[in-house]
Structures are given as structure tokens and as C-alpha cells.
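Same order as they appear, the protein sequences are chains A and B.
According to this note's numbering, the first sequence is numbered sequentially starting from 1.
According to this note's numbering, the second sequence is numbered sequentially starting from 1.
Misleading hints may appear alongside valid ones.
[Stated by the list, open to error] Here are the computed lysine to any residue pairs in the SDA-like style, where the Cα-Cα straight-line distance is at most 25 Å: (1) Lys440(A) with Ile424(A); (2) Lys160(A) with Asp216(B); (3) Lys160(A) with Leu356(A); (4) Lys160(A) with Thr24(B).
[To be verified] Residues from chain A shown here face chain B by an in silico Cβ test under 10 Å; the list is partial: (5) Met1; (6) Ile133; (7) Glu136; (8) Thr152; (9) Lys160; (10) Val163; (11) Ser166; (12) Ala182; (13) Lys184; (14) Gly192; (15) Ala208; (16) Ala210; (17) Thr301; (18) Tyr311.
Please keep in mind that the hints were generated in silico from the structure rather than gathered at the bench.
Glycine included, C-beta positions come from ideal geometry on N, C-alpha and C.
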Amino acid sequence: MHPFILFVLLLGTAAITALPQLSDRLRNRISGFGGLLGAAAGIAVALPVLSGSSGSVWVDEWLLMDRAAAFLLVLVMIVYAAATVASGVYLQRERSSGAITERRARLYCVLLHVFVATMVAAALANNIVVLWIALEATTLSTTLLVAFRRTTGSVEAAWKYIVLCSTGITLGLLGVLMMSYAGKSTGALVGGDAFLLHALREHATGLAPAAVRWAFVFLFVGIGTKVGLAPMHSWLPDAHSKTPSPISALLSGVLLNVAFLVLLRFKVIADLAFGSATWTNGFFLGFGILSIAIPALTLLTQRNYKRMLGYSSIEHMGILAFAVGLGPFGMIPAVMHMAGHALAKPLLFLGAGEFLHRWQSTLISDVQGTMGRMPRTAALFFGGLLALLAVPPSALFVSEFMIVGYGITQHPVWTVLVLVLLTIACVAMMRIGVGMVFGKPPQDGDTEVQSEPYQRMHAVLAVQLIGVVALGLWFTTSSGFAFAASIANDLIARV
Amino acid sequence: MNLPLVNAGIAGVVLMTSMMAVATFRFRTLVRYFAISSFLLAVLIAGIGYVHANAHLYPIALANVCFKVILIPLLLLRAARASGASERLRSYLRPASTYAVLLGILVFVFVGIRRSPFFGLVDPGYLLYLAVSLVLMGFFMMIARRDVLSQILGFLIMENGIAMFSYATVSSLPILIELGIFVTVTVGALLMSFLSKHVQQLYGTEDTDMLRELTD
Numbered sequence: 001m002h003p004f005i006l007f008v009l010l011l012g013t014a015a016i017t018a019l020p021q022l023s024d025r026l027r028n029r030i031s032g033f034g035g036l037l038g039a040a041a042g043i044a045v046a047l048p049v050l051s052g053s054s055g056s057v058w059v060d061e062w063l064l065m066d067r068a069a070a071f072l073l074v075l076v077m078i079v080y081a082a083a084t085v086a087s088g089v090y091l092q093r094e095r096s097s098g099a100i101t102e103r104r105a106r107l108y109c110v111l112l113h114v115f116v117a118t119m120v121a122a123a124l125a126n127n128i129v130v131l132w133i134a135l136e137a138t139t140l141s142t143t144l145l146v147a148f149r150r151t152t153g154s155v156e157a158a159w160k161y162i163v164l165c166s167t168g169i170t171l172g173l174l175g176v177l178m179m180s181y182a183g184k185s186t187g188a189l190v191g192g193d194a195f196l197l198h199a200l201r202e203h204a205t206g207l208a209p210a211a212v213r214w215a216f217v218f219l220f221v222g223i224g225t226k227v228g229l230a231p232m233h234s235w236l237p238d239a240h241s242k243t244p245s246p247i248s249a250l251l252s253g254v255l256l257n258v259a260f261l262v263l264l265r266f267k268v269i270a271d272l273a274f275g276s277a278t279w280t281n282g283f284f285l286g287f288g289i290l291s292i293a294i295p296a297l298t299l300l301t302q303r304n305y306k307r308m309l310g311y312s313s314i315e316h317m318g319i320l321a322f323a324v325g326l327g328p329f330g331m332i333p334a335v336m337h338m339a340g341h342a343l344a345k346p347l348l349f350l351g352a353g354e355f356l357h358r359w360q361s362t363l364i365s366d367v368q369g370t371m372g373r374m375p376r377t378a379a380l381f382f383g384g385l386l387a388l389l390a391v392p393p394s395a396l397f398v399s400e401f402m403i404v405g406y407g408i409t410q411h412p413v414w415t416v417l418v419l420v421l422l423t424i425a426c427v428a429m430m431r432i433g434v435g436m437v438f439g440k441p442p443q444d445g446d447t448e449v450q451s452e453p454y455q456r457m458h459a460v461l462a463v464q465l466i467g468v469v470a471l472g473l474w475f476t477t478s479s480g481f482a483f484a485a486s487i488a489n490d491l492i493a494r495v
Numbered sequence: 001m002n003l004p005l006v007n008a009g010i011a012g013v014v015l016m017t018s019m020m021a022v023a024t025f026r027f028r029t030l031v032r033y034f035a036i037s038s039f040l041l042a043v044l045i046a047g048i049g050y051v052h053a054n055a056h057l058y059p060i061a062l063a064n065v066c067f068k069v070i071l072i073p074l075l076l077l078r079a080a081r082a083s084g085a086s087e088r089l090r091s092y093l094r095p096a097s098t099y100a101v102l103l104g105i106l107v108f109v110f111v112g113i114r115r116s117p118f119f120g121l122v123d124p125g126y127l128l129y130l131a132v133s134l135v136l137m138g139f140f141m142m143i144a145r146r147d148v149l150s151q152i153l154g155f156l157i158m159e160n161g162i163a164m165f166s167y168a169t170v171s172s173l174p175i176l177i178e179l180g181i182f183v184t185v186t187v188g189a190l191l192m193s194f195l196s197k198h199v200q201q202l203y204g205t206e207d208t209d210m211l212r213e214l215t216d
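Please model the entire structure based on the sequences and the hints provided.
Quick look at the structure:
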């Protein structure tokens, strides 16, 4: 199946849900069905490349799907399916409570599918300017979703989000142009080839290293802003905490990974141009450690559980960057970490959305002892939290164990520092999580333990929890490790 | 007529009008300076196209006029009118200090460019100075200004610089992709002006210092 079919499905679903004649119920069904169909199509597009049955790379003038892109596409589609189902539940509740208008619900449905289409385009684009447009389009398509509630907080978050991300990405465009120029000026690449990722990679040794150095700095700062690396991260906790939970799940679970993959694509080109990965690894190590340190310390004083999850995303992007900075072997646990985070974080955001719906507050002090009120959701949320905090057999345990093990051999001092910071973050989040799930509920006149009826959302959360555990177990097998290594292979420069 | 010299003169005027835009504190004047600077940029792009016999740049110059001279300024003026935004803009710096910083930027660019790997490769060389100066001036405006409307225009000036860098280095991109960049920038400006209207309505001011609800 050609990947363009996927775009037709996603944008087609967006177009149909935009029709004002549809009832709420019908729009929700079309959005849900279209989303699930799109997710299935996306996985069907990626699987032949992942399994190696259609060669290891699909490449033309517009698209580049190697195993790394196919792997990311599968992750995007899994979270997309979960977010689609969760969006149906979310919109139904919001509409029945009269919190949003029919027009706003329509906007949500359209933007959800357009956002996923732009994310897929960014993951698969071969032309680096198209890639830039797609990455910027992910910001533009989600800005109104961040401001969805039109409250002071959500408008502030949306303003910071669009200004910081657009400025960052615009600087990234400067890097993109410099990278192309690095190819054109030496004659290594001519015409449109200077804008193709695969051509830049193939001819990277012929690029002007000084120009590539400048290009990489702009790309790192620009795309690093979108990844949420510190100190360009300030928009992230605001935007991820103010967005409706299904969108937060997509933003945190997969969009950050997509931006990170884009950064890795340029790292490979830069490494080949320099003939060494040492210079770019330094960037990833430094920004990685900073991105772990700032959230770890902020989490100690966090009062808002959705912001806590936002800071946790910054921390996990920091872990990814640190792993990449360690050297070629670090890319293997980085791949595992991407997958684990892409499953665990949406679970937590969707669970947090359930708490928000029940308590109408994002303050940790207001949401205590959820086990007594929403036992199913609370148990799944707590399971997800343990998985995120790398408790075995979570996939994140496997990846972090490998990162620390490898890090000790490469940069022992920095690795010990990272280990201390991760422990601080773990203790801070555990303290909050235990209070939210098992703590004493605030006096709301209702102290009895209540039962919680089964809902579709529980199945979504359970599937993700099972996924992150199963992935953890699989990564410890030789086939799981070989799979992660084969993905990592596409993201390493052989110098 | 010495066309390369005319182009160099236009580049100088683009730089001057952009500096005046960054240093002005009245919204309508700022939008006007931005539109003039974008128009001259379009003329410069067409001029470069003529000198280098690159007809591909003509439609890009035309798109520049449509998007940045007409559409975006109209959108911004409309958004400001709809929200009742103040004509007077806010900044952390006084006009004299702003001009001093702008001069500093020009000196920094003049010295810095000579150390860059792009120096001597771009023909004509003044395009590189212009491009980098516009990027830094736009970036400075986004930091120094305290109101949402100025920040939008700072972003657009920065984007003008990057567009100039694109024409100076890689000459031209396929028209479809160029159009994609124009649409992306326009949608970005549209969303920012939409949000600025909400900021004005919710906070009663466009002062970004008031956006302090989300802190840890």
C-alpha cells in the first residue's frame, strides 16, 4: 500500500467531520471509525518495511520510509487509535454537559485528524523543506486545541506555544537552508537533490563541514525547541497541561518523538560530514543532562498533576538525548525508550483526563485517594506511573538500565549525576502518584468507597499498560533486542 | 541603468524600513513599515531574478506581495480593530535604546558574517548581511516588545530575513514548496492574531507581562 493512501484517509476523515450537517453522534462515529481505519492503514503501510518484506527503505522524491520512520509511524498510529477512541468519550461528555458548542466539537475533530496527518508527513518526509513545513504544521494544527477551552490559562499556553515553537522552527528553517547550501556550495549535490534527506546522507562526506556545523546549531536549537529540550522547554508544561487529554496524549506520546527523529536525521548527516560523532554527541549529552535536571528539580514542588506529566515528558526527552549522546550503542536503548514512553505517557494523560472530568481540578491537593472513587482508572493510572518510572518489567526499565550500564562505561561522572537526578524525579512523582491514588481524599462529604462502572476508556488504558509491559519483556529477548538494534541502525552514522 | 547597484540600494532601504519598524511604537505605523519593507523585498527578489536570469523568482516576488504586503497586514489590522487593541505599543526599551541595539546588531552582523563559512560564497554578498540582520532584528523585537502584536510582527520580520537567506543561498525552491512556506507563515500569523484578540478580550490588555497564570 502506498503511504499517500494514509494521507487521503486522514485528511478525508477531517474533511467529512467538518460538515456542519452531521449530528454530534454521527460525527463522533465517523471520526472514531476514520481514526481507527487510518491507524490500521498506517500500521499496514509500515509493517512491510519493518518486517523487511518490501526492502528496508521506501524512498522517492517526497517520502522516505526506512525502518526508523516505519517504527515511528507504528507508534504514532497506536497512540492515534487510543486518542481517537478517547476523543469520542471526551467530546460526548463535553457536549452533553454543554461545556463546548457544536462548532467547537467540529473544530476538535477536524484538527485531530489534520494534526496526525502533519505528524505522519514530518516522520516520512524526504524533502527537508517539506519536512520543515510539516513540523510547523503540527504546531499550527494544535494551537487552537491548546486554546480549546478559551480560558485565560489555555489562551496563555497557546500563545507561548505558537510563539516559541514557531520561532524555534523558523530558526530550524535557517538550519535546513544552510544544510542544503552546504551540499550545493561544494558541488556535492545539485538541483533538488540538495533538499533530499537520503541524498544529503549519501553525499554527506562531500558537504562543507564548516557550513554543516552552523546548520546543525540552528537545527538543534530550532527542532530542539519542538522536542522540548531544556532550556527551550518552557512552552511544554503549559501546552501539554491545557490541551484536552487525548490531544495531550498525542503531543507528549508521539509528537516529541517525531521531532526527535527529525533531529536524529540531521545528526547522522552532520556526523558523516565531520567524519566523527563526537561534536554532535556533546550537544545531545549537554542538553540531555539539562533536560533531566530542570524537570527533576521542578517536580519536587509540583502542584498540578497535568503539568507534572508535562515536565516528565521533558525529562524523558532528556533521557533520550543523553542516550544518543553516549555513542552508537546508546541508540538501541533510545529506540526502546521511545517506544516505552510513547505507550506509558498517553496512558497517564488519558487517566489524568478521567480524574479531571471527575474532580474538575488539576490540583494534586484536590485529587487525592482516587482508588476509593475510581478504582479501575486509579489502578491503571498507578500501573502506568510505575511503568513510566521504569519499574520492571516496563520497557522503560529495560532502556534506562541499558543507558545507565552503557553510560557508566562511557561517561561515568555524568551518568552518576543522571542517575541521581532520575532518582529525584522518581521519588517526586511517586510521592505525588501515591497521594493521588492511595491518599486521604479531601473532605467532600462522601467518604464511602464507590464502584466504578466499566467504560471504553478503561480498555484503552489497559491495552497501553499491557503494551508497555509486553514490550519490556520482548526487549529482553534476543529477537526484541535485534529489532531495536535494526531500528537504531538507521539512525547511526557509520564513521 | 546599473541594475546590481539598484538592487543593492533596494536592499539598503529594506534594511532601513525594517529598522524603523522595529523602533516604532505605534501599531499602524509598524504595520505600514512592515508592508513597505516586504514590498521592497519583493522588488529585490524580482531584481535578483532579472540580474541572474532566474524567471522562477518572479512568481515568488508576486506571492510575497500578495501574502506579506496585502494579506498579512490586513489580517493584523483587522484583528487589532476587532479586539480594540491600543495603538500605542509596549517595549522594555525606549526608542533611543532600541536604535542603539539595532546599530549593535548591524555591527555584530558585519563582523560575524566575515567569520562564517558562507562569507564570499554568496553573490551578491550584501544579501547575506541583509538576511542575517533581518533575522536578528526580528528576534530582538520579539524579546524587547511586551505586546502581542509587536511580537507577531517581530516574527514576520525574522521570517523575511530567512526568506532572504533562502534566495541568497539556495536561489529558489520549487514553487509548490515556496507556496507551502508562504501559507504556513500566513496561517501562523492568522493564528497569532486570533490569539492576540483573545488575549485582549480576556486580560483587557495586549501586554504579555500579564500572561503569568501558568508558572511553577
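Okay, the hints, checked on the actual structure:
1. For the given pair, Lys440(A) sits about 24 Å from Ile424(A) by alpha-carbon distance, which is consistent with the 25 Å threshold.
2. At roughly 15 Å between alpha-carbon atoms, Lys160(A) and Asp216(B) fall within 25 Å of each other, so this suggested pair holds.
3. At roughly 23 Å between alpha-carbon atoms, Lys160(A) and Leu356(A) fall within 25 Å of each other, so this suggested pair holds.
4. Restraint check for Lys160(A) and Thr24(B): satisfied, since their Cα atoms lie roughly 24 Å apart, inside the 25 Å limit.
5. Taking 10 Å as the C-beta contact cut-off toward chain B, the hint placing Met1(A) at the interface is violated, the least distance being around 24 Å.
6. This hint holds: Ile133(A) has a C-beta 5 Å from the nearest C-beta of chain B, less than the 10 Å allowed.
7. Satisfaction of the interface hint for Glu136(A) is found here, the shortest Cβ-Cβ separation to chain B being roughly 5 Å, below the 10 Å cut-off.
8. At a threshold of 10 Å, the smallest CB-CB gap from Thr152(A) to chain B is about 5 Å, leaving the interface hint in force.
9. A least Cβ separation of about 7 Å between Lys160(A) and chain B falls short of the 10 Å threshold, and the interface hint therefore holds.
10. Here the hint on Val163(A) is kept, as its CB sits about 6 Å from the closest CB of chain B, short of 10 Å.
11. Satisfaction of the interface hint for Ser166(A) is found here, the shortest Cβ-Cβ separation to chain B being roughly 5 Å, below the 10 Å cut-off.
12. Evaluation of the Ala182(A) hint against chain B yields a held restraint, the C-beta minimum of about 8 Å falling below 10 Å.
13. For Lys184(A), the suggested interface contact is upheld, since its CB lies about 6 Å from the closest CB of chain B, less than 10 Å.
14. A distance limit of 10 Å between C-beta atoms decides the matter here; for Gly192(A) the minimum to chain B is near 7 Å, and the interface restraint holds.
15. Because the smallest distance between the Cβ of Ala208(A) and any Cβ of chain B comes to about 6 Å, under 10 Å, the interface hint for this residue holds.
16. For Ala210(A), the suggested interface contact is upheld, since its CB lies about 4 Å from the closest CB of chain B, less than 10 Å.
17. Proximity of Thr301(A) to chain B holds as hinted, the smallest CB-CB distance being about 7 Å (cut-off 10 Å).
18. The interface hint given for Tyr311(A) holds, since its Cβ lies 8 Å from the closest Cβ of chain B, which is under the 10 Å cut-off.
Consistency with the previously given hints fails for number 5 only.
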